[in-house]
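According to the UniProt record's numbering, the sequence shown is numbered sequentially starting from 1.
In case anyone wonders, no lab produced these hints; they're calculated from the structure. There's no promise every hint is true.
[What the hints assert, rightly or not] The following label-pair restraints were derived from C-beta to C-beta distances: (1) Arg15 <-> Pro240: 36 to 46 Å; (2) Glu167 <-> Pro240: 34 to 44 Å; (3) Leu299 <-> Ala397: 45 to 55 Å; (4) Asp47 <-> Ala361: 24 to 34 Å; (5) Gly138 <-> Leu18: 17 to 27 Å; (6) Thr107 <-> Arg392: 46 to 56 Å.
Positions of the beta carbon are idealized from the N, C-alpha and C atoms, including for glycine.
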Amino acid sequence: MPSRSPSRSGTDRSRIPLAVYVLGLSVFALGTSEFMLSGLLPPLAEDMGVSIPRAGLLISAFAIGMVVGAPLLAVATLRLPRRTTLITLITVFGFGQIAGALAPNYTVLFASRVVSALACAGFWAVGAAVAVAMVPVGARARALAVMIGGLSIANVLGVPAGAFLGEHFGWRSAFWAVAVASGIALVGVVSLIPALPVPDERPRLRQEVRIYRDPQVWLSVSVVALAAGGVFCAFSYLAPLLTDVAGLDDGWVPTVLALFGIGALIGTAIGGRIADAHLFGVLLSGIAASTVLLFALALLGEYAVLTVALSFLLGVSSFYTAPALNARLFNVAGAAPTLAGATTTAAFNLGNTGGPWLGGAVIDAGFGFASTAWAGAGLTATAIGATAVSLRLHRRASPASRVVAGTPDRADKPVRTDT
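The task is simple: from the sequences and hints, build the whole structure.
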């Protein structure tokens with residue numbers, strides 16, 4: 001018989017289940033591992049006997065692994081119980097961190113990063129689908145905000161902590177720390193993720209891939225990639241912008257990065273609260289704010305106080321839109337929630353990879369570090385245009401196929417409990 005999740009009934013409709021917060025804790029470990037190498041490259045390169053640019057390929061390998069791994073793992077695990085999949089992926093991720101901590105050479109470390117990225121991508125995709133499945137439609141953005149909040153906290157606490165450990169105990173200690181965090185997350189997933197509701201009919205790949213026929217899916221992918229790419233085009237080169245353009249000492253860089261992370265946490269909390277009711281409003285206002293802030297950063301980057309303030313505000317505006325960006329893709333791809341999560345993950349990492357590449361290209365062309373903000377603003381301005389087109393198409397949809405802006409175009413089907 002169909003069964004109802006406790007979170008969907010009575011007074012619990014507005015509550016986010018504890019299991020969603022466990023997923024947020026897991027994302028904290030995943031996010032720390034993804035970004036911590038930016039503070040560990042010099043000692044890591046010296047220990048491994050490679051150049052810093054070659055060591056930097058470890059970051060690119062992780063990002064590319066996320067782009068490729070999200071859809072591949074989503075397809076490979078499509079018919080597997082989601083709880084079992086999450087347990088397997090966080091376990092593989094933890095062993096990847098241990099392999100990195102013990103790596104005897106660069107090749108082994110590179111391989112460990114690829115394996116970790118694949119597991120991370122799969123967990124993100126399946127975890128997002130699980131978070132959405134455990135809450136009512138009207139709480140999707142808030143549930144996704146909890147997961148994104150784990151990533152924000154990783155930037156505020158995890159990445160600086162990794163840099164601190166690397167400085168005082170060697171870069172390998174940061175990998176050990178993430179392995180421990182992964183173990184804690186595993187205990188939480190095993191203990192608190194319940195047997196999850198699944199559709200009466202097992203998902204089929206042929207049916208799920210039909211979402212890619214919908215122009216709204218590709219518009220949403222474009223908005224995610226452009227919005228993320230625009231911000232990270234400038235953020236990836238924030239350190240030299242602070243030191244070479246604004247004239248701040250190197251010691252200011254961790255502080256400003258932490259301020260960006262605090263802004264990201266604030267933005268996620270605000271956006272998660274508002275996005276369910278005003279999805280397109282959050283998208284348009286947030287991306288527009290990021291565009292204005294990037295223009296301001298390009299124009300005023302030589303003023304230290306303003307640059308620090310703009311960095312904080314950019315963290316707020318960019319992550320303010322993150323829950324809405326995630327929720328929008330789930331809404332337009334409601335028939336394929338697992339592939340929706342995978343597609344969102346891949347889109348964000350396309351932006352996280354393409355944005356820094358574009359920033360490096362304009363720097364190599366001789367335009368200076370401030371030019372990364374100009375280039376980033378161009379990407380986010382394009383994202384505004386894509387969002388406007390998506391909104392126009394949404395409003396043209398028949399009233400019977402939509403409820404309010406951003407909500408799914410289909411009702412939830414009855415579910416049964418997975419055993």
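Take the C-beta atom of glycine 138 and the C-beta atom of leucine 18, compute their distance, and say whether it sits inside 17 to 27 Å.
holds (19 Å)
Alanine 397 and leucine 299 - C-beta distance against the hinted 45 to 55 Å
Violated, since leucine 299 and alanine 397 (Cβ atoms, about 40 Å apart) do not stay within the stated range.
Does the Cβ distance between glutamate 167 and proline 240 fall inside 34 to 44 Å?
violated (20 Å)
Taking 46 to 56 Å as the stated bounds, is the beta-carbon spacing between threonine 107 and arginine 392 within them?
Cβ of threonine 107 to Cβ of arginine 392: about 50 Å, so the range 46 to 56 Å holds.
Status of the given 24 to 34 Å range, CB of alanine 361 versus CB of aspartate 47:
Holds: the Cβ-Cβ distance is about 30 Å, inside 24 to 34 Å.
Range hint 36 to 46 Å: satisfied by the CB atoms of arginine 15 and proline 240?
holds (45 Å)
Going down the numbered hints, you'll see the structure goes against 2, 3, while the others check out.
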